[in-house]
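Enquirer: Each chain, written out:
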Amino acid sequence: MSDSTTQPPAPPQPEAPKTPVAPAKPAAVTPDKISRRSFLSWAGVAWFSFGAATTGALSIVLRYLFPNVIFEPPTSFKAGPPSEYEVGVVDERWKEKFGVWIVRSSEGIFALSTICTHLGCTPNWLSSENRFKCPCHGSGFYKSGINFEGPAPRPLERYRIQLADDGQILIDKSKKYQQEKGEWNNPESFLVC
Amino acid sequence: MAKPNPSLYSVQKTFFWFAVTSVLLTASLAGIVYIDAKRDWKDYQKAFFKLKAEKATAELKQAASAVDKKELEKLRAEHSAARKTLESNSKSILDLNAKLTAAELEITKTKVVFQDLKQFEDSYRYYYEEYTAHHDPRAASYAAKLAEIKPRVQEAKIKLEKAEKGRDTVQAGLDALLRQEKEAQKKVDQLLDETTRIERKIEAVKPSFAKDLLNAPMLDFIAPTLEIQQVVLENLHDDYHFAKAQKVDRCTTCHMGIDQKGFEDAPQPFRTHPNLDLYLGSMSAHPIEKIGCTTCHGGNGHSVSFIDTAHTPRDEKQKAEWEKKYGWRDLEKWEAKMLPLQYTQAACAKCHTGTVEVPQADKLNLGRNLAVDLGCLNCHKVEGFEGLWKVGPDLTAVASKTDETWVSKWLQDPTRFRPSTKMPRIFHLENQAGADNAKLEDAAIVATAKYLHHHSAHPEVLRAPQGDAAMGEKLIKDLGCLGCHSAAGVTAGTHGPELSSLGSKVNADWLFTWLKDPKRHSATTRMPSLRLSDSEAADITAYLMSQRNEAFDSAAAPKADPKAVDDLILLNLQSKMRHEEAVAQLSKMAPDEKLLYLGERTIAHQGCYSCHDIRGFEQAKSIATELSDEGRKNLHQFDFGYVHDIPHTRQDWIRKKLEDPRVFDHGKVKGYYERLRMPHFGLSEVESEAITTFVLSLTQEEIALEAQDLLTTDEQRIERGRRLIQKLNCQGCHSFDGKDAILRSITEDPGAAPPVLHGQGSKVQEAWLHDFLQHPTTIRPWLKYRMPTFGLTDTETQDIVRYFALLDGRQTSYRGEVLQEVSPDRLAAGKELFEKLQCAKCHQITASSQAMGASFLAPDLTLTKHRLRSDWVIDWIKDPQAMQEGTMMPGFFPDMQSPLPDILGGDAQAQIEAIRDYLYRYDPAAAAESTAS
Amino acid sequence: MSAPETPKKFDLGKFITESQIYKSIFRHGYTTSDRDRALSVMTNVFFHLHPVKVRKSGARFGFTWCAGGLSFFVFLTLVVSGILLMFYYRPTVEHAYNDIMALREHVPFGIMRELHRWGAHAMIITVWLHMFRVFMTGSYKPPREFNWVIGVILLVLTMLLSFTGYLLPWDQLAMWAVTVGSNMARATPFLGHEGPGAALLAIGDIQLVHSGSDVRFALLGGRFVGAGTLLRFYILHCVAIPTAVVVLMSVHFWRIRKDGGISGPL
Amino acid sequence: MTMIKDAVNAFCSPVIIFTASMVCFYLFVRFPRQATSMAVSLPLLGLALAGFAFGLTDDHFRKIITTPDNVPIVGMLFIFLYFTWYAVRKGVINDQRMERGESTIEQTETNEKVLVFPYLIFIEFVMALAYAIVLVVWSIFLKAPLEEPANPTISPNPSKAPWYFLGLQELLVYFDPWIAGVLLPTFIIIGLCAIPYIDRDTDGSGYFSFKKRRAVISTYLFGFWILWVLLIVIGTFMRGPNWNFFGPFEKWDIHKTVPLLNINLSEIIFIKWLGIGLPKLWIVRELPGILLTLGYFMVPPAILAKTKLKSAYQKLGPVRYAVLMMLLLVMVSVPIKMYLRWAFNLKYIVAIPEFFFNI
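Protein chains in written order, with the working numbering: chain A, 368 to 560; chain B, 340 to 1272; chain C, 1010 to 1275; chain D, 37 to 395.
Dumping the calculated DSS-like pairs for lysine-lysine here, alpha-carbon to alpha-carbon at most 30 Å:
1. D:287 x B:972
2. B:1078 x B:729
3. A:445 x B:600
4. B:448 x B:484
5. B:489 x A:500
6. A:542 x B:381
FYI, nobody ran anything at the bench for these hints, they're computed from the structure.
From just these sequences and the hints, can you work out the full model?
Expert: See below:
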């Protein structure tokens, strides 16, 4: 570096032939006349890879926002053997902890979400009136989860319910079944027993 | 702008550098993506899925071959036939579907009307009720509205129901047409159920391009199939020193097959955990979602890399293997490493506290029992193991038992006298090697013996009469001495010392006196009295005194070199006073005084009084390190000295220390009294591993109460009883509580062995047991083994009684049996049964019954009313085999069928009760009289 | 949007450069003319830190070593990576350690932590280098005295930033480095409870300066490095010191221009 | 091999390495032209690299050098060695030009102005990119350290402050905490801030030079290299468990025991020399030390103002002169105290533990 500074700056002479098809750019009156083609190709490589690096950095940041593992309570839980549930009863024992009602009808057992489909309040089970009633805006649901009054647009959702290897009911909250999509016919949305 | 500006350098050159740096930056960012995506656990998961797919494919093959081909063909044919029929009916199906749509439309229409009306009705009703309740005049208008709307609602409802009925009819028609095909399909599906299930399983784990794409770097947040698995443990926390961090175990990320059956032979890390019924399974005692992995195994559950999880190799071989395979290295900056596999049981004690033994943890139990037995816990304080008995014999009256020479020869090397002794070697160990040290050691030994004898009490000793040695040997075998001791050539109990070479040790008079009543010599001894007669005691004395150890006898006794004595005394004095004062003090001492002083110092220094009662040391404090938190003690607090041939880990230090207690002095320059003092126990590999496990289990880690196996009050009482039973060695003679008696194993005729005590709590009355324990009486006269008198205190006796009761789930009340009024008829029936079933034949000790052999003899029935519980008697008569397997008591009422249908109408239950009633009033004297008359 | 002159050919470049959006952002042509080049400095807020022209000697890398600029650049890098780290870090004793471990184990691109940590070390070296260069070229001399003083303060703040950040992983290394580092504060004359003169500050028997009322306590929020310290250092590290640094940097940059730009011989 | 290592270990004892560094430093500032010439510096560089490469063959040395937080120090050492060489060399070249009556390199260009865009911006841009690459590559190949969770009950042995404060921690060996931890850092900051107000000569501003500014540059380099960087190196690489000194190839043995008994000046005077025992009253006991300290700060400035630094005194005026001397004396007191410790096992010159006041 120090060597070059001792000499007066000598502009390099253009050597490469001019490219006639170059796009019309305002002719630069600059002392450093350089080979346009090589200039462009270096500039091209430079800007292209700079763009790639920027995009890469940004996508790394984006990916960074999605953790691989999170500390959330497990989405599936075991709810004891089916024999613990009586026909026709809405079981509220998992309501607090997992947000699930387990209902046993004559056809089978299903797990109802305790989230009202209107604005996400938690309805109450009124056993004397045999219906779920949401305290926020008065939506009412039958025991099956079907809405019949109030503003709720659709029935309560059901969760995947299976029988685990050890004979206990296994409820997986990560999979939902919605009646209006016809998903209640899915064999995993209820447990025949 | 007129004059062009000077330039600094060529812009082209800049673009060249710009290009180079940009390309390099892009490359380095790609490097980031690469190292972020490359994780070992992903490879393991891929390998596991491959393994799983292979297994499932094999299963599929099997399942497919299990499917009945012919049946399948048949069902398929049926199905296609049904399909054909269906196709031929396609027109009517279309027709019906159209009708169905129309019906649905109708329902929707009527429903809208109904719901509309219904909401008004609900609203009117509400206002009507509300106004009525508040006496609002508007109630009337709502009553009218309600009355007006009600019929309309009703009408709408009827319409709706009608529409629904119409739909149902159409639907039924449709269903009828479709049914045949559906059922055929169902049958086929059912037959292929298993194979479809497996196929689906394979599909889930089979590699595919779609899966690769989902697992690709940058995209793997959408729905990756390779995912970190974790168990979040609600009640368990990692101790972060004054903070508790939620425990989470991600071990299953790599150990994917750990809780699945079928991977028992798979290579690690996929192998199934042994004993899934006890561990990991959701119905087991330790479900993975509650207990996790690191709770027992240790290590860092948060990590998903082999090294950072702090895996610890089992031995050098595994270490070398891991280094090669996983690039394993020791995590220097991480204390809480995994326990090597052989010590895993140490973790059981974290939650299983307060029990004498931990179920199924054999190694830990062995270690604990050894630590109690060898007196480790006499010297080392450990929370939860306080108040144990001193394991060594009482030395307060040692002079009446043996002489000084024997004591000093014994101290030199106890195993020379008795190879099986539990007394560890204290002197002449490796850190005291060399001629100079040997002199010092001998001086200390002689001084100790001197001290012990000088301060010994001299209780009165009886004179031993002449005895018959051969008879004595027989008595030792017959009376049950072998439950605790090995003697007379039989290796049996190890609770007490082996009875060998006593002739070289004790004098006959003392031995005679001791045998007659051990408590006379030492109030604290665990040795019970067998209530020997003078001649019995004399015979045993004669036999034991005839056993000598010639080599020991002829060995020279150690001598106290006066200079060595002076040196040691000086060392002691100097620690308390200045050098010159010490010299002056020493010069004032007489030779005997010197030895006594040195003896006292030696005992204090070696802590002999921790295991032995020694006069003058009643209040002395133990000399050893407290071990209550040894399992978590920081590694840098362990002094490895110059020992480099073992890995520097907690467990290896403990084990080395146990095997070679003085080794860490190796290469160090230390004064005589600065050297390590732990004695040498000569442990076997198994023993030292077990004790190491025990020591590792000693932690004061706080475990949430919810996660612990807490004992109920009753369980605590049982454990107290167990500790006492261990101290008294009841299980040397009796089998119960899951342990088999030693005597039973060396007695040929099981009928001659001491009784089995399973179910004792529900069998005998508490008051009787209490009395019996304090004053044993003969119940089974044919047994030669003798129940000893332990001299138990009332509290101890009650503890044992309650222990037996609680083992059988009973509470103690000390209420005796209350006899019910019984009709004379019934008593008579009882008597008749008693005689007809010939109970007295065995339950009476006569010459003829004894001739049948001990196995056929039974206890005297006159004891019944005070001894046995009436409900037990019923159960016993009903089915003796169920109560005690192998008993000679015949079952008279198989399947509750009476052999004597004439009595009490053949009702077995009534008959048994009659026998019971008779037994509680049984008086053989009266019976004999009545028989005679 | 202006109509293309040759309708047959669609020139994408032209289409873009002549759109209103483009023109609203870039107010001048591609920078090959001196006018454009000057404009590009004047109209760009980032470039505007610089004057349009500088001394030729001052522009050389051999003169400045780019150390000041790189200090600023690495500071920006640290701000960005630091903000990203804050998404996953909770400054409590229960969580801090595990959150850092999560970055190592499973947070995607947890390498952000390495970038931040090594960036911090690099910044210290760069700032030292910058000071070294300024000294060796005598650039602190009048009229730049005050800017040198600001630079010294920025240097101290840089080290404090690094020091406060050192505690946040809440591991043994962090805790004891900070304990050792902050222990010196207890010996502050008069203000530390073990400092000379502190014993003289007493009313009767009541000591005014003790371990609960001295300068170290104020720094640590406790008598020893604990939960309070973690939070305090976090706030210092993420809010207080960076704010001070940004303010002083602005002054520093502004003074460079006001004091005649990059120094040169008179 | 072991012999070389033992020799290096022996050479690296605090006294020798410190003295040797000072000698080298003196030679460097006394003969800058020769020292920065290629003939001298290239062999020295080769020697340094070879020594470093040799060190890396040793397990212990490698372990310490590659401890993640120590890596930056190694980098810093090489960077600063280069730039010190570079700056002094440029200064020497300019000096030579000025001696020949030419203008300095910077002066030849100072009136020419170039456009910031592209010339300066491009340099900055490319350098920023290069810097980013360095950071990324560094992050890829070196993992940030994470040890055990913090445990207030167990302190690691040794416990060290972050590396950039290790010079101060090393000073704790020789000074009371209030001096090493509070006073000296304060003086460093004040001293740095004071530089432009003491050295106000605008000649020598804006270009590399050496001869004209020899005293100023030497002082600065001494402070930076000897009192800051060297102490960091010693504190980081050569202080092991119990803050014992270890040579670069010596294994850190936690049990290493070395004699560390130090005595105070008052004990030397009253017990060793006078043999009358320590006076009870602290003021009497510490009088010699206090007088000595006061003398140190009073006498040399007064004498120097009349003799050697007369011109400087006249140029600066009494206030500036006093501040300068104060700063210089504090700076020089650091090596003085270190040598006193090594030579006489001197612990404190003034020791008044009653008030936590020790010097």
